[in-house]
Amino acid sequence: MVTLAIAKQTLDDMLRRKVLLILLIVTVGMIAIGPSVSFLSPRESSSILRSLGLAMIMIGGLLITILSSIQVIPTEIERRTIYTVLSKPVQRYEFVLGKFLGGLFTVFVMIAAMGVVFLGVLWYQEKHLAAEMVKGVMLTFFQMMLLGAMAIFFSTFLTPVVNFFVTFAIFIVGNLSSVTESLTNNPNPATKILANIIHFILPNFGNFNIQNKLINPTVEISNENVFIMQNIVYALIYSAVLLILAILVFDKREV
Amino acid sequence: MSVATRRKLIMALAPLFLLTVLMQHIMDPKIAEIHKGEHTVFSGLSNEFILGPMLGLSQAVAGLLWIRADEFFDSGDYDAILPLVRMVTWLDPHEIDVYITGAWHMSYNFTDSDQRGDRRYIPAAQKLLEEGYENNPTVYDIPFEIGWESSDKMKNYIRAEKWFRIATTLKSQDSSGHATKSAPIFVWHQLAHSLEHQGRIKEALAVWQQALAISNAKLKLNPKDFSTRNLRDTEEHNWEINLKRLYSRYTHEINFAIDRKMTKSFNPQTGQPYPDDAYIYTKGPEAGKPRPAATANPWNCAFNCHPVFIQPKVLMPNGQFNVGNGARVTIELFDYGWHPEKLKHFTFDIDESQTIMWDQHSVINGKWGRKIDMSRDPTMYSFSRPYYWLVFYFDPRQTSPFIQDKFGWSGEGMTDKHYLWTVKSPIPGAPTDRILQKVYKISRAQVLGLEPITEKDVVPNAVFAKEEGEVFP
Chain H
1 MVTLAIAKQT
11 LDDMLRRKVL
21 LILLIVTVGM
31 IAIGPSVSFL
41 SPRESSSILR
51 SLGLAMIMIG
61 GLLITILSSI
71 QVIPTEIERR
81 TIYTVLSKPV
91 QRYEFVLGKF
101 LGGLFTVFVM
111 IAAMGVVFLG
121 VLWYQEKHLA
131 AEMVKGVMLT
141 FFQMMLLGAM
151 AIFFSTFLTP
161 VVNFFVTFAI
171 FIVGNLSSVT
181 ESLTNNPNPA
191 TKILANIIHF
201 ILPNFGNFNI
211 QNKLINPTVE
221 ISNENVFIMQ
231 NIVYALIYSA
241 VLLILAILVF
251 DKREV
Chain G
256 MSVATRRKLI
266 MALAPLFLLT
276 VLMQHIMDPK
286 IAEIHKGEHT
296 VFSGLSNEFI
306 LGPMLGLSQA
316 VAGLLWIRAD
326 EFFDSGDYDA
336 ILPLVRMVTW
346 LDPHEIDVYI
356 TGAWHMSYNF
366 TDSDQRGDRR
376 YIPAAQKLLE
386 EGYENNPTVY
396 DIPFEIGWES
406 SDKMKNYIRA
416 EKWFRIATTL
426 KSQDSSGHAT
436 KSAPIFVWHQ
446 LAHSLEHQGR
456 IKEALAVWQQ
466 ALAISNAKLK
476 LNPKDFSTRN
486 LRDTEEHNWE
496 INLKRLYSRY
506 THEINFAIDR
516 KMTKSFNPQT
526 GQPYPDDAYI
536 YTKGPEAGKP
546 RPAATANPWN
556 CAFNCHPVFI
566 QPKVLMPNGQ
576 FNVGNGARVT
586 IELFDYGWHP
596 EKLKHFTFDI
606 DESQTIMWDQ
616 HSVINGKWGR
626 KIDMSRDPTM
636 YSFSRPYYWL
646 VFYFDPRQTS
656 PFIQDKFGWS
666 GEGMTDKHYL
676 WTVKSPIPGA
686 PTDRILQKVY
696 KISRAQVLGL
706 EPITEKDVVP
716 NAVFAKEEGE
726 VFP
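Just so you know, the protein sequences line up as chains H and G, in that order.
Everything in the first sequence is counted per the numbering used here, starting at 1 for the first residue and increasing by one.
Everything in the second sequence is counted per the numbering used here, starting at 256 for the first residue and increasing by one.
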């Protein structure tokens, strides 16, 4: 209950932040102007509309997740409001989980809003409901959940500025999972070891990228739903690992 | 937090983390499958695009690059399009239209000052399409395009047939983009045409029948489908006209003007028109008797040419051909020892030292040939080799039906004292093609107009075939 109360408070706080709302408006605007590429062939227009829409949701979600997650704990410490919270019967782990869930709800609301606009634009342009796009939007949400957990973990011991760059850098490396995967078979032993470390230790954000299939419906993915479920389970487990680490670090931190 | 809880959490970390490693291991083969054919492109991308692939947004960057390519099409900056085609297809190997447009661009848009195509790009265009097919093996579009370019651009009808046949077995996309529908009926039409171009008329007729059956089945489901009805009529017409031509060219010549007015029906096995009026003599001593087949009395083509380089790199062919107006003679000038490239991978870099000129001239009143000025395009016609083949040929399989009506599909009705040459088909049972061909082997000095071209430079067709094979640029 305490965790949920903190999460609700965090969500309310986030939704009042102008920077996040501006990000949402800009992203939704970018998605809405997608049909302007209809000067290409219908198939090209459709593929560009879909790819740009999913890209916008991902970029918008990325910025909203990072900006919200890197600040939630340091801001409380900086404003000293954390003393008031922790002086009450609130455990530190409840505080960390509450902050994470609050950020997650925020990201969910924002991504859902972008997703609805995206589906609306596709419906307007293609005259049918592109329901399969929900999979892409959903996987972006779980990708952002993992990213948020990582940002929360780093926020327990890094300043927001350093956290921003570290999280962003790991997100980029983690997005190259198809590259690191192929490098794990590299004949050079040093490259192979490094690739294995990166591939299996860092969170693989590239796993959630099934845009190929969504943009080009002719691409077949065998057992697609199983793969999506595996991704969700991966995101949940890895987020749990990061949150446990965050709790352990924050528990020892002097506030 | 109590020490015990802390310890429990630390204990839980290891198995959870190992679980993520295991999950990753399970998902890896699928990730490789999803990203098959993709290349991670960083070099060559401008600053505004470089972050996209890093964030996993390859498809979006590919889309934006293709919009940029479209701008280059509009501004005529054709050279700038090729690297973009390469990057887009690496970033998103499922952009079918990019493969098709890119290959079309290479095959058709690079020309000299007189709009003669730069055929050095054709192997690259074909390779790009083959790569596209490897990455998109379920839809008909790319095999159809390979077939079309093989037929229209390369005049290689055997290759065209192979790819049209592949296309007929594949699917086309519905309005939601899923490959659920059969390949469109025009794929069967082109398959039939590719067989006609090989002189394999009975097989072509069978394909027209197949197409008719498909269209009729569709019409049964929706009799008001105007588009299918139109296509069905085309198929019926093409089947009928091929059957009648078969009769006219090889059994009894049909007067098609009479046929249009008099014929009420025809024998669906032989093409014989009913009543008989269209294929019997109406005047003269033979009146009432059926005409012989159109190809029964060989037509003396009197094919020849006397090429002259009137200025350096400016060729005047000066040809003769006893045939009706509208037949087209093909003229090729290319490096001695040249063979079509067999590319292992697609590249848009061509060998600029190669010279390949390809043109077709119409016969008017028994003469053909106009000035071919290659001096204005040194990058296309570098003439950097010491010797060249200069080939003039007429292939009845490439000509219009009204010319074929004299000669038959494979030149059965042609004769010529000097330049008749037969080309065997590698397809068992397919008819041999009889073409007219005169080949010169000329030197660079002759191209530059320093020495004249004489009849001593003529190379027998058998020698040319032995040295170069039957494959033309």
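Quick caveat, the hints were computed from the structure, so don't treat them as lab data.
Even for Gly, the Cβ is constructed at its ideal location relative to N, Cα and C.
It cannot be assumed that every hint is accurate.
In silico DSSO-like pairs for lysine-lysine, Cα to Cα no more than 30 Å straight-line [as the list claims (entries may be wrong)]:
#, chain 1, residue 1, chain 2, residue 2
1, H, 127, H, 213
2, G, 291, H, 135
3, G, 519, G, 473
4, G, 672, G, 285
5, G, 661, G, 426
6, G, 291, H, 192
7, G, 426, H, 213
8, G, 457, G, 679
9, G, 263, H, 8
10, G, 410, G, 291
11, G, 436, H, 135
12, G, 479, H, 127
13, G, 661, H, 127
14, G, 410, G, 479
15, G, 672, G, 661
16, H, 127, G, 475
17, G, 285, G, 436
18, H, 213, G, 417
Chain H side only, calculated, beta carbon under 10 Å to chain G, not exhaustive [what the hints assert, rightly or not]:
#, residue
19, 49
20, 93
21, 157
22, 230
Exercise. Hints the structure violates: just list their numbers, smallest first.
Key: 4, 5, 10, 13, 14, 21
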